[in-house]
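Engineer: Each chain, written out:
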Amino acid sequence: MATSGVVLSTETGRLKPGKLKLSVRQRHEERAFWAFISPWIIGFILFTGGPIIASLLLSFSSYNVQTAPQFTGLQNYVDLFNDPLFTKSLSVTAFYTLLVVPFNIILALLLAVLLNQKVKGQALFRTLFYAPTVISGVAISFIWEWMLNPQFGLVNYWLSFIGIDNIQWFQGDNSVIPSFVLMTTTSIGGTMIIFLASLQSLPTDLYEAAEIDGASRFMQFFRITVPLLSPVILFNVIIGIIGSFQVFTPAYVVTQGGPDYNSYFYVYYLFNTAFSEFRMGYASAQAWILLVIIALLTYLSLKISDRYVYYDDAPAGGKGN
Amino acid sequence: MKRGVKLLLCACAVSSTASLAALPAVAADQTVTLNWLIRSDPAEMAWAKNVITSFQKDNPTIKVNLIIIPQAQIDQKIQTMIAGGNPPDVFMPNWANGGFATYKSDLLPLDSYIKSDPTVLKGFFPKLVRTYSSSGGQVLGIPILSLGSFLFYNKDLFDKAHIPYPPTDWKDHSWTWAKMVSDAEKLAQNKGNQAKEVYGINDALWPENADSWLWGGDYFSKSSYVTGKMGTPDVTNQGVVTGVEQHLKLIQDKISPSPNLTTALSALGDAFLSGRVAMELNGGWGFWTFAPAKFRWGVAPIPWTNGQRRDVLFTDQVSIEKSTKYPAQAWKLVKYIVNPNGPLKALTVDQGATPPQAALLTQWEQQEAKKLGMTVAQIQQLQNGALQYGSESANHLLFGYGTIASTMDQSLNAIYNGHKSVKDGLTEMKQHLEALHLQ
Chain A
0 MATSGVVLST ETGRLKPGKL KLSVRQRHEE RAFWAFISPW IIGFILFTGG PIIASLLLSF
60 SSYNVQTAPQ FTGLQNYVDL FNDPLFTKSL SVTAFYTLLV VPFNIILALL LAVLLNQKVK
120 GQALFRTLFY APTVISGVAI SFIWEWMLNP QFGLVNYWLS FIGIDNIQWF QGDNSVIPSF
180 VLMTTTSIGG TMIIFLASLQ SLPTDLYEAA EIDGASRFMQ FFRITVPLLS PVILFNVIIG
240 IIGSFQVFTP AYVVTQGGPD YNSYFYVYYL FNTAFSEFRM GYASAQAWIL LVIIALLTYL
300 SLKISDRYVY YDDAPAGGKG N
Chain B
0 MKRGVKLLLC ACAVSSTASL AALPAVAADQ TVTLNWLIRS DPAEMAWAKN VITSFQKDNP
60 TIKVNLIIIP QAQIDQKIQT MIAGGNPPDV FMPNWANGGF ATYKSDLLPL DSYIKSDPTV
120 LKGFFPKLVR TYSSSGGQVL GIPILSLGSF LFYNKDLFDK AHIPYPPTDW KDHSWTWAKM
180 VSDAEKLAQN KGNQAKEVYG INDALWPENA DSWLWGGDYF SKSSYVTGKM GTPDVTNQGV
240 VTGVEQHLKL IQDKISPSPN LTTALSALGD AFLSGRVAME LNGGWGFWTF APAKFRWGVA
300 PIPWTNGQRR DVLFTDQVSI EKSTKYPAQA WKLVKYIVNP NGPLKALTVD QGATPPQAAL
360 LTQWEQQEAK KLGMTVAQIQ QLQNGALQYG SESANHLLFG YGTIASTMDQ SLNAIYNGHK
420 SVKDGLTEMK QHLEALHLQ
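Residue numbers (numbering that gives the first Met the number 0), protein chains in the order written: chain A, 0 to 320; chain B, 0 to 438.
Hints are supplied without guarantee of correctness; some may be wrong.
Simulated pairs of lysine-lysine, BS3-like, Cα-Cα distance not exceeding 27 Å [as the list claims (entries may be wrong)]:
hint, chain 1, residue 1, chain 2, residue 2
1, B, K422, B, K228
2, B, K248, B, K159
3, B, K429, B, K48
4, B, K114, B, K62
5, A, K87, B, K48
6, B, K228, B, K178
7, B, K321, B, K56
8, B, K422, A, K87
9, A, K87, B, K419
Derived by calculation from the structure, the hints in this document are not laboratory data.
Pulled out of the complex, with its shape left as it was, chain A reads as follows (with noise of 0.2 Å):
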């Protein structure tokens, strides 16, 4: 489609600014590119953009609901980092991510790796690893709260017979975290079906070249599965760490936080103070500060992947851009 205000310069063939001329036939499809657009633009501002803006203005106010917002400047920022709570909520969600976005990425590829075999009944070993993910994260919680019960769960039965006891999975200190990144095992179907479809996209001519130079299937595995798939696995890194960043179901279903605020998330404790104290003002901040780390870890994830990610469309002899 064309686009207004620019004109491409017949002698340079660059594009410079200016007014384009555009045909009938040009204009009535441009009146119809905005009247298709309109439903998501207006939906945009009204339901996403309009609220980041809001909650920016709140971060600046203490608002309770009822009663009107008043500007209260940094006052909500400066409270944050002297609020221990808000140290501790941000310390458990970063030991959550540390240990569950390597669980996801590593149990997701291998899954992929599997189910990209040519063996009997793959479709329906697909659709059974992938089942899981479309069931609700409360019914999904529920479903593991009893499971890891330390007094009536399945696991800890099963655990009996090889003589191991009364682990307290969600009510112990320790084992609550890892608890949760257990959880994760019913919800890794989409990490998964990106790898499976990224595998079934490689190209084979190089595991064959590999084959005659006698590399075993492990070495095809870490120096050109790995490798090809790279761009993949930084994506679903940092998808999984905005999304660590944010888990908030499990706390909210399972542990309210506890025990001792020992998964007490992030999210959780926001939640709390928007919908349970009603302070909107201070609850904006918190989302905004959370925007801002995550921004973060994704710039740094992506610096770092400088050095690590492979992209087959790197000019030859130089990295990718």
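With chain A's structure known, arrange chain B on it following the hints.
Structural biologist: Frame of chain A; chain B shown alone:
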């Protein structure tokens, strides 16, 4: 490809993180719609639907729109409804976690209606009616039920251990904490074997300050219950410390489950219902929640401690939001709900909850006596004592108690699970409570 990945990630990061009087006169024949908000309890939902059907039959010009919300989300719903200028006309403030104190300033005084309709409070216990009044003494809600706190015990386990049942008279000074602990020691079985362990006692008294009341102390000052403001919590008074220490001792002596174990046992319903707890200190909701038990059970007063024992009362009420457009119609609905010959009986006697009204209480006592294999006089003793020694619960009278409770629970559970000393846990609790900004 790299640029595409970056753009996609940036879009994901941004979109997924920051999105965050004077009343018009109403003609007598004009149909109005009232919003009545309740919690999503299956029995209460069925009750409310029946109330509406019969109420609308008698009042064809008043349509009642029932709003059903899970209890944990009622505060959010009501606050946003009020902020949006469309509050519920009628609701039960204590069916929200925020409780009466949170909504006190949003409630319509009912005195003028009661004055013109004095029979509506006939037989209601004055102490319970006075519970929910403004600082000026205006009535802000009509009680619909009132529960004390009791000791529930498993008769089968008592019989098996050849231990006499506890008394029903609150004035019986032989029923002491020491006697209860001694019985619990005898009733506990298979200590250390988590799969088969039977616990002598489970102290499930609620809310979080109930143990301190049992020992004559409190985290909160007397004025807190009048103003609704938590103020500076006192974690050093003798009642508070003894309450926590004695509770902890039950766990350390392995006659009571730890909070972790209680949570695990409660996964199948209340720990007492599992049949693996011989005695449980709990709220009067036990009268109906323990009804499905597969064993015989009885009820006793909470034991004597240091002579300053206080019981926790849980009185629920029905109120009208002060900015309702239809106060007269809302009052009609409230009056209908608290009718002892209709909806109030269905809510209390028929479901097992203790009524706040004398005639209904008599019916309830007879019913419970029959159900529990006790005499009517014994049930009367139990209920009279609860009313005499009881004070209204902090979760109804302190503003923002939901947040206070979750803050206290974190520290108390750390103490009871053995992860913190009593002193450290209480000190930390005080710090966290003081850091709360309850507006």
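Engineer: Tell me, in ascending order, the numbers of any earlier hints that this structure violates.
Structural biologist: 3, 5, 6
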